[in-house]
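Colleague: Full structure from sequences and hints, please.
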Amino acid sequence: NAGVTQTPKFQVLKTGQSMTLQCAQDMNHNSMYWYRQDPGMGLRLIYYSASEGTTDKGEVPNGYNVSRLNKREFSLRLESAAPSQTSVYFCASSESWYRTDTQYFGPGTRLTVL
Amino acid sequence: DQQVKQNSPSLSVQEGRISILNCDYTNSMFDYFLWYKKYPAEGPTFLISISSIKDKNEDGRFTVFLNKSAKHLSLHIVPSQPGDSAVYFCAASAAGNQFYFGTGTSLTVIP
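Just so you know, the sequences run in chain order Y and S.
Read in order, the letters of the first sequence are residues -2 to 111 in the numbering used here.
Read in order, the letters of the second sequence are residues 61 to 171 in the numbering used here.
Derived by calculation from the structure, the hints in this document are not laboratory data.
Certain hints may be false.
No farther apart than 20 Å at their CA atoms in a straight line, the calculated lysine to aspartate or glutamate pairs in the DMTMM-like style are these [to be verified]:
#	chain 1	residue 1	chain 2	residue 2
1	S	Lys114	S	Asp144
2	S	Lys97	Y	Asp53
3	S	Lys65	Y	Glu56
4	S	Lys131	S	Asp91
Partner residues are not named here, just some residues of chain Y that face chain S (Cβ under 10 Å, in silico) [unchecked claim]:
#	residue
5	Gln3
6	Gln34
7	Met38
8	Gly39
9	Leu40
10	Leu42
11	Tyr45
12	Ala47
13	Glu56
14	Tyr61
15	Arg74
16	Pro104
17	Gly105
Every value quoted in this text rests on a predicted model; they were computed, and no experiment measured them.
Each residue gets a CB set at the ideal place from its N, CA and C atoms; glycine is no exception.
Modeller: Shown next, in the form of structure tokens:
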């Protein structure tokens, strides 16, 4: 039981390049999330998927797109990376979107955009 | 604008003593609060929660206190252990379910 896995662990991009961050969970959870963590800012919600087939914007969605590929997988895409997107990205999942359901986090992807 | 603030970036405590981590919020609509713990190179893990209908919640060595009038919550760890050394995040939500996180406090428990 791996929980929430994220790939890659580290990535360096040049400005304008694109990439997709992958996330998968094996807990049969309905809801999945993407957060970013920046120094002095805490974790901020980028996008979430309350259930398979739905996605919604969070607090900081600009510059990102997401795909809920199936119940297990939720990917985050940067179409044209910018230095402001240098951050640590965390994927999380929970039984449901209801806030009392515990969110389980992956280990994070450290992204640097030059 | 940061709605959830942790004004102490770091805290050092002797093993066996009490650790008190503080969190302030500005949005009076927040009514559900969480604490997460994070070790380096790992994702945050859930620690304890509290609803605004309560002012205290305990789970073993961890107790969270909520002061709604002051818009303040605190996490008490008693007794502190070296394995508690980590970054602690508080988070808050209103009815919309999205959580807003503080910037974290790095706790070091000295053996």
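Colleague: Can we keep the arginine 74(Y) interface hint, with Cβ of chain S closer than 10 Å?
Modeller: It is violated, given that the least Cβ distance between arginine 74(Y) and chain S is near 20 Å, above 10 Å.
Colleague: Report holds or violated for the interface hint on glycine 105(Y), using the least CB-CB distance to chain S and a cut-off of 10 Å.
Modeller: Given a least distance of 6 Å, the restraint on glycine 105(Y) holds.
Colleague: Does the interface hint hold: is glutamine 3(Y) within less than 10 Å of chain S, judged Cβ to Cβ?
Modeller: 8 Å, holds
Colleague: Would you mind confirming whether the straight-line C-alpha gap from lysine 131(S) to aspartate 91(S) stays at or under 20 Å?
Modeller: 10 Å, holds
Colleague: Classify the hint on leucine 42(Y) as holds or violated, based on whether any CB of chain S lies nearer than 10 Å to its CB.
Modeller: Holds. Min distance 6 Å.
Colleague: Should the interface hint for tyrosine 45(Y) be scored as holding, given a Cβ-Cβ cut-off of 10 Å against chain S?
Modeller: 8 Å, holds
Colleague: With a cut-off of 10 Å on the beta carbons, see whether glutamate 56(Y) makes it to chain S.
Modeller: 7 Å, holds
Colleague: Against chain S, with CB atoms and a cut of 10 Å, does the hint on glutamine 34(Y) hold up?
Modeller: At about 8 Å, which falls below the 10 Å cut-off, the nearest Cβ of chain S leaves the hint on glutamine 34(Y) intact, so it holds.
Colleague: Any CB of chain S closer than 10 Å to the CB of alanine 47(Y)?
Modeller: 9 Å, holds
Colleague: Given methionine 38(Y) was flagged as interface, is its beta-carbon under 10 Å from a beta-carbon of chain S?
Modeller: 7 Å, holds
Colleague: Is the Cα-Cα distance between lysine 114(S) and aspartate 144(S) 20 Å or less?
Modeller: Violated, at roughly 25 Å.
Colleague: Any CB of chain S closer than 10 Å to the CB of tyrosine 61(Y)?
Modeller: Because about 16 Å separates tyrosine 61(Y) from the closest Cβ in chain S, which is outside the 10 Å limit, the hint is violated.
When each numbered hint is compared with the structure, violations occur for hints 1, 2, 14 and 15.
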